[in-house]
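Number of protein chains: 2
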Amino acid sequence: MISYEFFLDLAIILMSSKIFGLISRKFDLPQVVGALLAGVIFGPMIFGIIEESVLLNNFAELGVIVLMFTAGMETDMNEMKKTGKASMIIAIFGVLIPLAGGFIATAVFKGNLWDMNNTQFLENMFMGVILTATSVSISVETLREMGKLKSPAGTAILGAAIIDDILGIIILSVVMSFKTPEVQVVQVLLRIALFFVFAIVVGLVMNRAFKFVCKRYGRKRRVPIFGFILALLLSYIAEHYFGIADITGAFLAGIIISNSGMAKYVNEKAEVLSYMLLSPVFFTSIGVKVAVEHMSTPMIIFSVILLVIAILSKVLGGGFGARLMGYKMQDSIRIGVGMVSRGEVALIVASKGAAAGLLDQSLFAPIIIVVVITTVITPILLKKSFHHRHPELPAA
Amino acid sequence: MISYEFFLDLAIILMSSKIFGLISRKFDLPQVVGALLAGVIFGPMIFGIIEESVLLNNFAELGVIVLMFTAGMETDMNEMKKTGKASMIIAIFGVLIPLAGGFIATAVFKGNLWDMNNTQFLENMFMGVILTATSVSISVETLREMGKLKSPAGTAILGAAIIDDILGIIILSVVMSFKTPEVQVVQVLLRIALFFVFAIVVGLVMNRAFKFVCKRYGRKRRVPIFGFILALLLSYIAEHYFGIADITGAFLAGIIISNSGMAKYVNEKAEVLSYMLLSPVFFTSIGVKVAVEHMSTPMIIFSVILLVIAILSKVLGGGFGARLMGYKMQDSIRIGVGMVSRGEVALIVASKGAAAGLLDQSLFAPIIIVVVITTVITPILLKKSFHHRHPELPAA
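Residue numbers (the numbering used here), protein chains in the order written: chain A, 14 to 409; chain B, 14 to 409.
Worth flagging that the hints you see were computed from the coordinates, not collected in a lab.
These figures come from a predicted structure and were not determined experimentally.
Errors might be hidden in some of the hints.
As the list claims (entries may be wrong) - Beyond 12 Å from chain A on every Cβ pair, some chain B residues (computed): (1) N130; (2) L162; (3) L207; (4) H253; (5) I260.
As the list claims (entries may be wrong) - The calculated label-pair distances, taken between Cβ atoms and stated as ranges, are: (6) B:I62 - A:K397: 31 to 37 Å; (7) B:E154 - A:Y254: 39 to 45 Å; (8) A:Y254 - B:I117: 51 to 57 Å; (9) A:Y254 - B:I393: 43 to 49 Å; (10) B:E154 - A:K163: 57 to 63 Å; (11) A:V199 - B:Y278: 52 to 58 Å; (12) A:E65 - B:I117: 36 to 42 Å; (13) A:A369 - B:I117: 41 to 47 Å.
Claimed, not checked - Below, in silico cross-link-like pairs of lysine-lysine (BS3-like), each with a Cα-Cα straight-line distance of 30 Å or less: (14) A:K277 - B:K396; (15) A:K39 - B:K39; (16) B:K39 - A:K277; (17) A:K397 - A:K39; (18) B:K39 - A:K224; (19) B:K228 - B:K31; (20) A:K277 - B:K341; (21) B:K277 - A:K39; (22) B:K341 - A:K224; (23) A:K94 - A:K277; (24) B:K31 - A:K228; (25) B:K31 - B:K192; (26) A:K277 - B:K95.
Just so you know, even glycine gets a beta-carbon here, dropped at the ideal spot from N, CA and C.
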């Protein structure tokens, strides 16, 4: 009878996240920042108008699937192949150092560095994983604006960001498998490998099917919905049969579609589903999870420390990898800086962790602070890194 | 933890309704028919793979809002003005006769024609309301194919179908208000009138705002989401503050957008939301509600009677109205026949009734039979009505 009540919640969420999103854009920030702030402001933290509910959580989960599906579709495999080995090394260091940084910082803050049980270990790992994934879109925009997207640093940043998404997802899958303590690392890695093989086989079959259907019937309109169905099915299969994170499935579904030559069209439709309904609900729901009672002084200090680690670990990790691959000092710094911003994937990992009971919700505030401030700071730092040292200009 | 389980349900619903939809299309039937059958086949009636759930119901309800929103956007007010008075009279008879027919048939079947309490009265009324709304799309397609869309009969059918949607919604609002028995008809009509006035004021303000925003910022991308927010808000306000059916609000939101000159763009995006996710869930959920234990012999007989009444009442009602307005006998029959098919709105009214506890779920099977068979039969009858009598061909 009172089913229509949730229309109001939904309207408030969509309106507030859109309006705050537009304000964010005024400051050259991604709209995600606005949606997060809308959640914090209209959630229990300040006004208490929007509350968590099973329904909103389900919409948010579906939003995550669609976000990872589109992320997969936007993964340009050719771009990745171009920079190849260099990007791989940069990504590996750009993932390992933040992973270690997040892990250690959380362990120290929680006081369990030298003596942690399985649950604590997983929580620390989760905080590490959250710091791994680069949100490259803001760097891409900044580089494009400066005309440096095709520079050595630009190409490396792009390639490495794609790979560190994939690495982040693999590490997440490994971490999530440890819910059951007796699980063995080898076994988990084997499951992940098996799932990737399975997805590749599905991908090959699907690509043939899509092409056949399109050739025979000429209409593309049905491809987006079958793509979305594929994302849902692979997500389910990943968790249910392989025991790895469902978003891995959605991401691989996206990669399968991106190889089908229909990614642009499918992505367009999936994005409508995302921005009209699901992703505002997801980002707002993350903001809603920030609770005022958690913001004690130690928590504020921890937020600042985590933020510093988030920034330094990417600059040092990515930069070190680049240096190792023979990039100049200056370009190495640029590459590291270009990978500082965190975004969607960090939030997705956080919400996965909370949903699985592996991550304390009190940690959402520091995570959001990291996402928002790294996003704000990356374009500024990146511009500085390009403009400040002019001596070797002709080399560009 | 097992949140990912619903991805599988969703995948099955989307896949089955899409595949059955494509099969329906092979037989020149709207995809809705396929989605309904998917629900009947995969629901408890046969395979029992898809079950009702709170989540699916919420998705379905949101689907109804989006469907009514798009229906509103597709309402061509200019078309309606063109045929004006004639369409109005045709629509009134094309609504009143089916309303009476459905009411009496149900009352006789339930054995309460001469002695019904408030609940029974409402259920009978609901069945009447379900028979009122014409699903004009299939007639439009058929007329277009025959090159008769702009014929006198074609124009009249189009205009009348729009008006009977609006009349159907008004009657639904009146009926739903009688949940509380002491409600007075005058009071309800007043509330509906007030809500229409309110919506018109909102519409005027919104149109100015939309135009201002578009002129100032030049980007249309945000209009669809604000349109959708408007649909959600007006739906909520209709139920919560005016006590009338929420879909009235969604429908009026659509009409507001249709007058803004941006209907095409907004409709495109809303339709993606609809066909990618929400409307397959809604139509399948209707099919799922058909339960085998209800299909007793009397119920089958009732289904047949209801079907006959559904067909005859539109042919006679619409035809009589047309005759009254001076259309030739032949055109009057064509007009009546063109209004036989029932579709989305009938199903939406049925689901509203069931959700409000005013309509017994056992009646879903006859309703679906009416929707499917009237949809199948309308193009056949319509073609016959145009082809069979050739004597006065030059008059066309």
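Hints, verified against the model:
no. : hint                        : in the structure
1   : N130                        : holds, 20 Å
2   : L162                        : holds, 23 Å
3   : L207                        : holds, 18 Å
4   : H253                        : violated, 7 Å
5   : I260                        : violated, 10 Å
6   : B:I62 - A:K397: 31 to 37 Å  : violated, 58 Å
7   : B:E154 - A:Y254: 39 to 45 Å : holds, 44 Å
8   : A:Y254 - B:I117: 51 to 57 Å : holds, 55 Å
9   : A:Y254 - B:I393: 43 to 49 Å : holds, 47 Å
10  : B:E154 - A:K163: 57 to 63 Å : violated, 50 Å
11  : A:V199 - B:Y278: 52 to 58 Å : holds, 54 Å
12  : A:E65 - B:I117: 36 to 42 Å  : violated, 49 Å
13  : A:A369 - B:I117: 41 to 47 Å : violated, 57 Å
14  : A:K277 - B:K396             : violated, 41 Å
15  : A:K39 - B:K39               : violated, 50 Å
16  : B:K39 - A:K277              : holds, 28 Å
17  : A:K397 - A:K39              : holds, 21 Å
18  : B:K39 - A:K224              : holds, 20 Å
19  : B:K228 - B:K31              : violated, 39 Å
20  : A:K277 - B:K341             : violated, 53 Å
21  : B:K277 - A:K39              : holds, 28 Å
22  : B:K341 - A:K224             : violated, 52 Å
23  : A:K94 - A:K277              : holds, 20 Å
24  : B:K31 - A:K228              : holds, 19 Å
25  : B:K31 - B:K192              : violated, 37 Å
26  : A:K277 - B:K95              : violated, 41 Å
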